[in-house]
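With the sequences and hints as input, model every part of the structure.
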Amino acid sequence: MDQLPIDEFLTDLCPFEKQLDLDDYLGEAPRWCQGCGDLGILTAVQKLLRDNQAEPTEVVCVSGIGCSSRFPYYLKAFGFHGIHGRALPISTGVALANPKLKVLTVMGDGDCFSIGAGHWVHAIRYNVNLLAMVLDNEIYGLTREQTSPTTPLGTRTRTTPKGAFLPPLNPLQLMLGVSNLSFLAQTATWLPQHLLATLQQAYRHQGLAFVRILQHCPVFSPQAFGEGGKDAELMEFLYHVQGIAIDPALERFGGRREHDPADLATAQRLASEREREPLGLLYQNPDLPSYETIRHAALAHPSPAEKLTLLNRRLDRLAPEG
Amino acid sequence: MDQLPIDEFLTDLCPFEKQLDLDDYLGEAPRWCQGCGDLGILTAVQKLLRDNQAEPTEVVCVSGIGCSSRFPYYLKAFGFHGIHGRALPISTGVALANPKLKVLTVMGDGDCFSIGAGHWVHAIRYNVNLLAMVLDNEIYGLTREQTSPTTPLGTRTRTTPKGAFLPPLNPLQLMLGVSNLSFLAQTATWLPQHLLATLQQAYRHQGLAFVRILQHCPVFSPQAFGEGGKDAELMEFLYHVQGIAIDPALERFGGRREHDPADLATAQRLASEREREPLGLLYQNPDLPSYETIRHAALAHPSPAEKLTLLNRRLDRLAPEG
Amino acid sequence: MAIHKQSVKEHILEIVSDAGEGAQKAGEVFAKTAARMGNGLWTEAIIPAEIQPPAHGVRSSSGIRIRFGSDFVSNGGDLTNLALVFNEMSLLSRLQIGSLADDVIVIIDDIWSKDPSREIREHYRELLDGIRQRGGRVVEVPLQEETLKIVEEPNPGKNMFALGLLGFVYERNQKLLAAVVSEAFQAKPAEVLRSNLKLLDAGYQWAKVHLDFQFEVPGMQSRKPMLAMNGNQALALGSIAAGFELCSMYPITPATSVSQYLAAIFEEFGGFVHQAEDELAAIGVALGANFAGKPAFTVTSGPGMALKTEFMGLAVMTEIPLVVIDVQRGGPSTGLPTKVEQGDLLSSIFATPGDAPKVVLAASSIGDCFKLMQTARRIAEDFRMLVILLSDANLASGVQLFERPELMLDEIARPMSAGTSHKGDLAYDWQEETGLSKRLIPGRSKEVGMTSSLNHSPAGLVRSDTESNELAHRMRSHKLAALQQALKPPALHGAEQGELLVVGWGSTRGAIEEAVDRLRAAGQRVSSLHLVFLNPLPPGLKEIFGRFKQVMCVEINYADAADDAFVGEGRRYSQLAFLLRAQTLVDVDCFARVCGRALRPMEIAEVLEKKLGGSP
Amino acid sequence: MAIHKQSVKEHILEIVSDAGEGAQKAGEVFAKTAARMGNGLWTEAIIPAEIQPPAHGVRSSSGIRIRFGSDFVSNGGDLTNLALVFNEMSLLSRLQIGSLADDVIVIIDDIWSKDPSREIREHYRELLDGIRQRGGRVVEVPLQEETLKIVEEPNPGKNMFALGLLGFVYERNQKLLAAVVSEAFQAKPAEVLRSNLKLLDAGYQWAKVHLDFQFEVPGMQSRKPMLAMNGNQALALGSIAAGFELCSMYPITPATSVSQYLAAIFEEFGGFVHQAEDELAAIGVALGANFAGKPAFTVTSGPGMALKTEFMGLAVMTEIPLVVIDVQRGGPSTGLPTKVEQGDLLSSIFATPGDAPKVVLAASSIGDCFKLMQTARRIAEDFRMLVILLSDANLASGVQLFERPELMLDEIARPMSAGTSHKGDLAYDWQEETGLSKRLIPGRSKEVGMTSSLNHSPAGLVRSDTESNELAHRMRSHKLAALQQALKPPALHGAEQGELLVVGWGSTRGAIEEAVDRLRAAGQRVSSLHLVFLNPLPPGLKEIFGRFKQVMCVEINYADAADDAFVGEGRRYSQLAFLLRAQTLVDVDCFARVCGRALRPMEIAEVLEKKLGGSP
Ligand SMILES: Cc1ncc(C[n+]2csc(CCOP(=O)(O)OP(=O)(O)O)c2C)c(N)n1
Ligand SMILES: Cc1ncc(C[n+]2csc(CCOP(=O)(O)OP(=O)(O)O)c2C)c(N)n1
Ligand code: SF4
Ligand code: SF4
Ligand SMILES: [Mg+2]
Ligand SMILES: [Mg+2]
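Quick note, the sequences are listed as chains A, B, C and D, same order.
Heads up: the first sequence begins at 1 in the numbering used here, then just goes up one per residue.
Heads up: the second sequence begins at 1001 in the numbering used here, then just goes up one per residue.
Heads up: the third sequence begins at 2001 in the numbering used here, then just goes up one per residue.
Heads up: the fourth sequence begins at 3001 in the numbering used here, then just goes up one per residue.
Derived by calculation from the structure, the hints in this document are not laboratory data.
Don't take every hint at face value.
Derived lysine-lysine pairs resembling BS3-like cross-links, with alpha carbons at most 25 angstroms apart [said to hold, decoys possible]:
1) K2542(C) - K3549(D)
2) K2294(C) - K1162(B)
3) K2446(C) - K18(A)
4) K1047(B) - K1162(B)
5) K100(A) - K2294(C)
6) K3025(D) - K3149(D)
7) K3542(D) - K2542(C)
8) K1018(B) - K3446(D)
9) K2423(C) - K47(A)
10) K2294(C) - K2438(C)
11) K2208(C) - K2198(C)
12) K162(A) - K3188(D)
13) K3488(D) - K3423(D)
14) K2542(C) - K2488(C)
15) K2438(C) - K100(A)
16) K2188(C) - K2224(C)
17) K2208(C) - K2005(C)
18) K3611(D) - K3542(D)
19) K162(A) - K3294(D)
20) K3149(D) - K3188(D)
21) K2208(C) - K2149(C)
22) K2149(C) - K100(A)
23) K1162(B) - K2188(C)
24) K3294(D) - K1100(B)
25) K1047(B) - K3423(D)
26) K3446(D) - K1100(B)
27) K2005(C) - K100(A)
28) K2175(C) - K2149(C)
29) K3149(D) - K3198(D)
30) K3438(D) - K1100(B)
31) K3175(D) - K3294(D)
32) K3175(D) - K3371(D)
33) K3371(D) - K1047(B)
34) K3423(D) - K1018(B)
35) K2423(C) - K18(A)
Shown next as structure tokens:
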């Protein structure tokens, strides 16, 4: 960490503003494979937190189980490496407990769309204030190459040696069908600026911001997404004043299309026709109250002594005399 | 049961065709509340099976837990009253085991959309050949009045005494976002003919036919669906040559709208705008192969002796000499 | 009419009708009145399995069973002394269950004797004759007929007439009865209340004219401050007293009402109830909240416990404090959802794959339900452990009058154990012997911490070597040992030594102790021991067992019967007996039934007598 | 050069590299060659926790450990005699794990001695000096340098050079070695094979010139037909031999490969693998399929077992036959996903809330994995029971050479127990004593049947009365008793009586028996007993235990150590010990470690010796 010139003279209770920089967000050295797209996401998240000067002790990064879910170890922040498929309920608990915390939820495609599918749907509906990322490599990485719900039809994996039997789930399309959806975007690991810009917008969103990140996995699904973005025909950037800014340099990675993120019907159509993978902000409704806001707004704030009085009064009603 | 005039002379091995009638599908006497919409669904299913002359021993009715899930006891067929939220995996197992069986899956809204949500999404994607019915009363009935995912915002229930906190899940919209969806219809318990006609079409469908049945529960959600269909403004019948036939008498229960069940985009729009509850066939794709068809098609059919030879050959490869 | 008036120390009364006819309501008012008159009290709800089962059937009966007396009442007691039934099928249901005493007084609506259906008329007669033959007494009353003189619809309505009638039979203070009725109908239109009060009075007046018997059940002498509530209410209010702020749940009988009581009032205390999409999410949210510093618990029953298994393992591994309440019901699987069983003891301790030490407590009374919420929270947070608190369907809906607990400001205000907050602190800074450590809590701590479901180092980082895995296991296990060393040996009920020691846990306490008292009064050398801590077991058990010739568990769960001729050496023991055998190597016998109802002092006494070798 | 040639009865060899450098491949070829040459064999995979961890680190090591000898080999043995390592961090990882013998021969690539980084050079030297100081021998070889003379990229490639070198050291038949390499590269382009064969030969030739030692490890005398495979392959092939037609699963280490082996070949046998969306669905589909007459099983590991808990209760309650395989790994929670533990015994028996009798079996060898699939299916179907078959990470990836099992047409062709098919038959027509009954199968039976998770009557209809609940419980429990009565008392390894009896279960069998054999050879009066049936336990245990002065379990799971000063009377026993104590009341002691690896005969022998009071 670059230290301020007066750091050495100051205690922890320093009244000066201390600038947090990238080093302040470095956890353990990442142990992903060479070329793994997850590395770029980690960098983007570190930049995101630095840009927002988020205090590491006030950031909670919750994950499930999978290659992707090793994320919290590599980020310096509060980390919770949970169990497979259950990152969202844990995150919901964190957000409900302390709305001041910034919650980042990291999941794999199997983690979120397969074993976690029920929580996935309901977390979107609850609309808790958190930033949820699915690192989607269209395969089970950590368990070494079994089909995930997003694995394309016909893909050979170790559980489908003759090819996957089913057309893949379209996560965007499904999420656009969940009521109370408040933010949905898609980006990719081979587009670092777009990735960061997308996360920035998600970070600022109040409510559940869901970002599906197309993730290059050179080991088990190197061919996915046109070999990790090599085929510009497969991708399309969504642009709009309310959307994610598109660097002109991105044009070699895909086409462009204007899309108003307030327009749910068009988002649904874009997602379901799936001519090209849309990259950018599919939908945002900034006006939906988040669940923890609703719940906390209804709470009284009695002092302990008042609680005692109130409870005694409740007991009085259950006393035979009461 | 009306007996054929020669019944008394015949053994069970009767060579004459025996006509199955309604009595052949009567199980235990139903123990639902008076006026419960589930009663009408039971009658419709009994008629459906009678009309199709389904052999009760070849029909398997699987349910979860809830008022609705008591269904199998009241129908004479193979019944499986399972556990809460898991009717679809059990049904999938049945269908995979013996594609000749007719599988009817009965669930409640909590059962299917809440605790069963993950299986719900994936069963649709697997597209196993079964008729799935959700008896949706927008409430938890059996546990006596807690919110379900479809409970309208603001509804007072025992877990939300000041009103439900969230807008309801829109199950149709969500299902229309699941890839590989093959059949989706909606009907209601106060429309016996429409209910039966819908089930008939679902019964004939090859693949997973999903029918959401708006179910009147006079005890815990009497106000739902305009007090069980009393408000014609809230409903709209979908008609089409490929759709569910609409009796003119139905007009007092809702408006009409033409809708081509092959048109997914419009179905999505109808479902998400939700101006009125659409009744009828929202979507059908008769061409999708069902999962058990795909899987069974790939199977060899060796005789036991052939199996033995094959297995010995496999073992040979693992012998040191091999 | 000459009235035969009898003073009794206690009476067991049942009021039973078809679902929807209001027997339960009448019973609740009666019980409340009894409590106000100073009677000791235990009530049990009679609940049909369906919401509104078809009328007039055995499985349609709904009502209440009230044991009240001049002493403190610790359980539902033996057989019913007086049953007021609205029809003959309700009566039959109680006969089938075997709840009626031979000399029971049955008060029944005589309208069925005139029913158009000959079948019903005959059945009615037959049943009443049966009662008389057993030595009982039948009192036929024109319940519906008289009710219809006052209101147009008999349902509800008959119930208030019946209540008035019972007011006479038990010499209840009529004014008080009317006052409690008024409270009960507070929310209803004034007109409804008026006609109900009229019915109440009519019942009383009718009885005064037509009945020739009365029972006097005096109140208790000592009048300490008391409360009447059921176990689920006690858990709910106890959770507030313990300083919980979040109840994360998914509905399931018989646990749901804990959260329902809370939902109605929690917000005024700054807490709230979260209904999750399933049991996995419910416990996950509670765990996440505790992790982030808000005291949270989850509550469920058997099938829900099964679904929480993986998350319970996570709680143990991550040492995040967590309280899980299991209101036990009949199993296995969906089993008997509304009936009692003590079937989840071994699964609570052993369900989690791998070694997952946790604390298991069981409430043995309504008062325990209240108090143990505080105990559970303290242990969970001080030891960073999973605490499972077992209650059951009997406690859940049984209303008892018990001594009012003193509230403690310290507990209600207790912040979540503040954790540690120095830079450089470790997430698992285990004390070498006890395994205890302080937590790092996000947003409060100056140091970040890593929490992992994988085996981890004191810093919370992944480790897969032998040493760190053995260390972490030992640390988690030592916390249990540390807790055990802090526990007192349990107190005996009865003498310190003797012929037979009965060991129990959970809701059977009252019945076991009553049975023991009876036998002791008859000169038998029997004592009992009731365990609140099931894991770890309290210290000293082997020594205590050594002071008795025989030791026997009494439980409401399954065991192969001792005299089951088919079962060989592989006899399957009841759950506590199994635990005690493994831990103490004492040949602990057991009497256990999956009867779906509370055990009666009478049947326990009989078993103990047999075990002791006949009466003394 | 004069070559020192030594004939040994067995040797333990390790080949360890960074992940991706191909040590595993080389080892597999070596092992296969050994098997063909008639050596007894046990190999263990060395697997890093990540897919491709950063190179050159202790946690990056990947490789294989091969014990081979002139006798049948039942376990991984003690310490490694020869380690061929690709770099010094690989060596360090093995030192940290403590797997190397003091007199180990370390063959290492000398390229690190010339590494640009001084730190690496020094570390390399230091480690090698350490080896020499312990009494080991170091052989530095120009692995990479020589490889680069033949190919342009050293990885993979070094591995074949190394293999050639080992071919010389162990006097392997060179032609055979080349043949096995050819088989291994069958699917690759011819060019790849060619250069690999070149490297193989180069390694051999280099060794011939530069090495001065060789080991001869002769093959076994008796040459019964043998098979070499790992436990997961054996489970997969065993499932076909048992007539299963569906494997319904969700991926989880170390269970997944069972289904992967099947996925590749099952369809030609008319069966298939269904990958479900989660573990609940996986077991649900298997249950539904069995219900409808297709023999199906599910396979998972700890976290997955936790998730299947509720469904396992349903299987018990509905009496639908079901086989669940649990390939155990380190717990609790995610724990040590790739490491061995025997931590799921008690959770397998007790996880389900309520009383849920089920059968629990454990495989103790690769052969067992094959054979017990048939046993499990038969019991499941004949008794209408849930059967949990325990394996573990050690068996899962350990390759053993074992006697080829005889296939039985009856088993492979066995239709699902046809059930009953007369009109009027009941769904649960329990035999009064045994609790056995025949099923009604949809599509096959002439009578419909109701299957319910609620307590039910023989007809399958909902019942909530005491009698029917007690009957159904008793019937389910009696099936266990009936099975127990059919079991033989287990056979002892060693004499029928003595000083000490060691009791074990699962994959520790080979190591325990080897330890016992050593001690017996040294005159100690010790025997062992290995249990395949854990629930019900086989009959006669108490009687057998009575013939020994001491009884002790040896297990790979957690127990408070007997000499743990902090733990008081609440000592927590290992899982089998706990069971045996409860059932026999014998003071069974235990030696248990959560070491994440196979126990070594040596360490077991040491513990037993201590228990016996020193050497004889
Ligand atoms: C309950 C449970 N089931 C299964 C597993 C095994 N498991 C670990 S990660 C994983 C899937 C990984 O795929 P994905 O979620 O796509 O993440 P990736 O590794 O691709 O990042 C599975 C099945 C587990 N740890 N726990
Ligand atoms: C695992 C589990 N969790 C919870 C329950 C309790 N439970 C039974 S039915 C039910 C919900 C009923 O609602 P719904 O599915 O809408 O069916 P309905 O009764 O309204 O027909 C619940 C929560 C249970 N039996 N099992
Ligand atoms: S297997 Fe794929 S997803 Fe996993 S770490 Fe390697 S590259 Fe990344
Ligand atoms: S509570 Fe509602 S859904 Fe349940 S049986 Fe009664 S009317 Fe039907
Ligand atoms: Mg993935
Ligand atoms: Mg419902």
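Hint check:
1. A C-alpha spacing of about 22 angstroms is found between K2542(C) and K3549(D), which places the hinted pair at or below 25 angstroms, so the restraint holds.
2. Between K2294(C) and K1162(B) the CA atoms are separated by roughly 23 angstroms; this keeps the pair inside 25 angstroms, and the hint holds.
3. Distance restraint check for K2446(C) and K18(A): the Cα-Cα separation of roughly 15 angstroms lies within the 25 angstroms cut-off, and the hinted pair is therefore satisfied.
4. For the given pair, K1047(B) sits about 42 angstroms from K1162(B) by alpha-carbon distance, which is inconsistent with the 25 angstroms threshold.
5. Restraint check for K100(A) and K2294(C): the C-alpha separation of about 13 angstroms stays at or below 25 angstroms, so the hint holds.
6. Restraint check: the Cα-Cα separation between K3025(D) and K3149(D) comes to about 21 angstroms, which is no more than 25 angstroms; the hinted pair holds.
7. A hinted pair counts as satisfied when its Cα atoms are at most 25 angstroms apart, and K3542(D) with K2542(C) qualifies at roughly 21 angstroms.
8. Taken as a hint, the K1018(B) and K3446(D) pair is honoured in the structure, with Cα atoms around 15 angstroms apart against an allowance of 25 angstroms.
9. Restraint check: the Cα-Cα separation between K2423(C) and K47(A) comes to about 23 angstroms, which is no more than 25 angstroms; the hinted pair holds.
10. Taken as a hint, the K2294(C) and K2438(C) pair is honoured in the structure, with Cα atoms around 16 angstroms apart against an allowance of 25 angstroms.
11. Taking the CA atoms of K2208(C) and K2198(C), the gap is about 15 angstroms. The hint holds against a cut of 25 angstroms.
12. Annotation: proposed proximity of K162(A) to K3188(D) holds, straight-line Cα distance about 19 angstroms (limit 25 angstroms).
13. For the hint pairing K3488(D) with K3423(D), the CA-to-CA distance comes to about 38 angstroms; that exceeds 25 angstroms, so the pair is violated.
14. Between K2542(C) and K2488(C), the direct Cα distance comes to roughly 14 angstroms. Compliance with the 25 angstroms bound is thereby established for this hinted pair.
15. Distance hint between K2438(C) and K100(A) is fulfilled; the C-alpha atoms sit about 22 angstroms from each other, no more than 25 angstroms.
16. For the hint pairing K2188(C) with K2224(C), the CA-to-CA distance comes to about 33 angstroms; that exceeds 25 angstroms, so the pair is violated.
17. Restraint check for K2208(C) and K2005(C): the C-alpha separation of about 12 angstroms stays at or below 25 angstroms, so the hint holds.
18. For the hint pairing K3611(D) with K3542(D), the CA-to-CA distance comes to about 20 angstroms; that is within 25 angstroms, so the pair holds.
19. Using a Cα cut-off of 25 angstroms, the hinted pair K162(A) and K3294(D) holds, with the two alpha carbons roughly 23 angstroms apart.
20. Proposed proximity of K3149(D) and K3188(D) is supported: the alpha carbons are some 22 angstroms apart, at most 25 angstroms.
21. The suggested pairing of K2208(C) with K2149(C) holds, with an alpha-carbon distance near 18 angstroms, which does not exceed 25 angstroms.
22. About 65 angstroms separates the Cα atoms of K2149(C) and K100(A), which puts this hinted pair outside 25 angstroms; it is violated.
23. Of the supplied pair hints, the one linking K1162(B) and K2188(C) holds, its CA atoms being roughly 19 angstroms apart against a limit of 25 angstroms.
24. Among the hinted pairs, K3294(D) with K1100(B) is consistent with the structure: their alpha-carbon atoms are about 13 angstroms apart, no more than 25 angstroms.
25. Of the supplied pair hints, the one linking K1047(B) and K3423(D) holds, its CA atoms being roughly 23 angstroms apart against a limit of 25 angstroms.
26. Between K3446(D) and K1100(B) the alpha-carbon distance is near 15 angstroms, which keeps this suggested pair within the 25 angstroms criterion.
27. A hinted pair counts as satisfied when its Cα atoms are at most 25 angstroms apart, and K2005(C) with K100(A) does not qualify at roughly 69 angstroms.
28. For the proposed pair K2175(C) and K2149(C), the alpha carbon gap of about 23 angstroms is at most 25 angstroms, so the pair holds.
29. Taking the CA atoms of K3149(D) and K3198(D), the gap is near 11 angstroms; set against the 25 angstroms cutoff, the hint holds.
30. For the suggested pair K3438(D) and K1100(B), the alpha carbons sit about 22 angstroms apart, so the restraint of at most 25 angstroms is met.
31. Of the supplied pair hints, the one linking K3175(D) and K3294(D) is violated, its CA atoms being roughly 47 angstroms apart against a limit of 25 angstroms.
32. Between K3175(D) and K3371(D) the alpha-carbon distance is near 35 angstroms, which puts this suggested pair outside the 25 angstroms criterion.
33. Of the supplied pair hints, the one linking K3371(D) and K1047(B) is violated, its CA atoms being roughly 50 angstroms apart against a limit of 25 angstroms.
34. Of the pairs offered as hints, the one joining K3423(D) and K1018(B) holds, with about 16 angstroms between alpha carbons and a cut-off of 25 angstroms not exceeded.
35. The straight-line distance between the Cα atoms of K2423(C) and K18(A) is roughly 16 angstroms, inside the 25 angstroms bound, and the hint therefore holds.
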